[in-house]
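Chains A and B, in that order, are what the protein sequence lines are.
Numbering of the first sequence is given in my numbering, commencing with residue 2 and proceeding in unit increments.
Numbering of the second sequence is given in my numbering, commencing with residue 20 and proceeding in unit increments.
Hints are computed from structural coordinates only; laboratory data are not their basis.
Careful: at least some of the hints might be erroneous.
Claimed, not checked - To give an idea of the chain A side of the interface with chain B (calculated C-beta under 8 Å), a few residues: (1) L99; (2) L135; (3) I171; (4) G179; (5) H232; (6) M260.
Using N, Cα and C, we set each Cβ at its ideal position, and we do this for glycine too.
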Amino acid sequence: MARSDRAPQDMRTTLQNWLPKLVLSPSLAAMMVFVYGFIIYTIYLSFTNSKMLPSNEIIGLENYTRLFGLSAWTTALINLAIFASLYIVICIAIGLLLAIFLDQKIRGEGVLRPIYLYPMALSFIVTGTAWKWLLDPGIGLENTMHLWGWESFKFGWIKDRNYAIYTLVIAAVWQSSGFVMAMFLAGLRGIDNEMLKAAQIDGASNWNLYRRIVIPLLRPAFLSAFVILAHLAIKSYDLVIALTGGGPGRATELPATFMYSYTFTRNQMGVGAASAVIMLMGVAAVMVPYIYAEVKESR
Amino acid sequence: MSGGAQDQAIRTGRVTRTFIYVVLIFFALFYLLPFFIMLINSIKPLPEITGGNMMALPTDPTIEPWKSAWSTAQIGVEATGLKPYFMNSILMVVPAVAISTILGALNGYILTKWRFRGDNLIFGLLLFSCFIPFQIVLIPMAMVLGKIGLAGSLTGLILVHVVYGIGFGTLYFRNYYAAFPTELVRAAMMDGAGFFRIFWRIMLPVSGPIAVVCIIWQFTNIWNDFLFGVSFGGLDAQPVTVALNNLVQSSTGVREYNVHFAAAILAALPTLLVYIVAGRYFVRGLMAGSVKG
């Protein structure tokens, strides 16, 4: 800012210097209270003896010991591990396959791409409603196969304790794999064609070209896909509610549904808060390094 | 996403190409089928669903299920259909999207053109707030909304969505404005233009594309939200996603699948329309939230 001797000018300059911070401050305050303040408060609650209502009686780590002693929580964690790993791996596999295939100068790419992506615009509740019915043995896919003459066809995973978790994977993959395709496609379109041509002149087969050159170049897209999918998996709530309601039994209970039911219907707020803290730690473990790199890079 | 204008380095034979098309079309069917099945079954009378094949086209099409889903289906205790909940969603989405987008634009402008010590830290904190599992804020939010008398009200839901929408809004505009030449802003400052004047005259006129991206993203997210709606919507401010879930999960009476499907499509319609009309921007929004550069 140019210096000026005139007083009014100075005042204006001062105001101009403060204005940006002033305009930013409501957002900043909202973030500090509603995000970080609330996080701290929930952490605090996780150390208290809160049941139906918040309490100020500190009981140390007892909620955490209880939490990890609960079979429902262990089930939720195991389910999350199964769900998240399959969801991430299958989405990335399908996404990569579709992106590579679409990148072969395909006629009708403009039609196919939006078809792959539209589920991402839907609510998980809508997705859950559709798949709940498609997977229902009495009326959905199994019934159709029977009517078509394949009498021995069985597909009752959604009603089966041991397999219900995989129906969650099917519906979630249906919703998100197109998005992963878009991320990989953007990555592929960013690769310099000359380099590929040179490799091909050297006699590399298509398979080797992709395995040795293209896929390694897509590393950033792999990383982004992993981070986004992992945090979506940890947060999964709507889809479980709409598709299976956490059942049959507890077969599809995830940390998010556990937190909700322990806090709001079982009146175990302390335990619920502790489970929310564990979820936050899971997301932070994935997101913080990523965000740190992002912010640092753009400095 | 650039078009395939440059000539391709990878050459594929005829058999490979056929295989590629088969795979691509198979997946297109995989993505389309659930929606298609919902659509054809939403215009069948109930006996045709329970007694027939879900893949069969309707023999006796009817729009009754749609009428019922919209205005007479039993949701919760009242037989109101989705209509009032749909209205709730609209009344919630419009202000929430507008406010979070405007705040996002201002924040992005400040964080790129009026930089100060610690601005990157603030941006990092805002960025992380986009990705937190909302379970971590549910309990205190419920308490605060109760204390200030906004529990179970649309105003409360708008507040919640604005607060947790600021992060993404800021992310979009910041990354967009970062590419805008700072010299132009400097020059305007030298000419004596102030903070708002520069924003209004220089930044806003070039913000069209990113504003569309941001609005679509916030609209989709807020419209599709279920967790906040079910936690803070109470009885009077339930959004359409919560109503749809109540309708589908209700265990009383006959399961009217055709009505459920019509309701699901109705609930999905606004975001689908946005996607069909402005899909390009939707994809850009998704990417901007995840891919670097």
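Here's how the hints hold up against the structure:
Interface restraint check for L99(A): the shortest CB-CB distance to chain B comes to about 6 Å, inside 8 Å, so the restraint holds. Of the supplied interface hints, the one on L135(A) holds, with its beta-carbon coming within about 6 Å of a beta-carbon of chain B, less than 8 Å. Here the hint on I171(A) is broken, as its CB sits about 10 Å from the closest CB of chain B, past 8 Å. Below 8 Å, beta-carbon pairs count as interface contacts, and G179(A) has one with chain B at about 7 Å; its hint therefore holds.
At a threshold of 8 Å, the smallest CB-CB gap from H232(A) to chain B is about 5 Å, leaving the interface hint in force. This hint holds: M260(A) has a C-beta 4 Å from the nearest C-beta of chain B, less than the 8 Å allowed.
Taken one by one, the earlier hints fail for this structure only at number 3.
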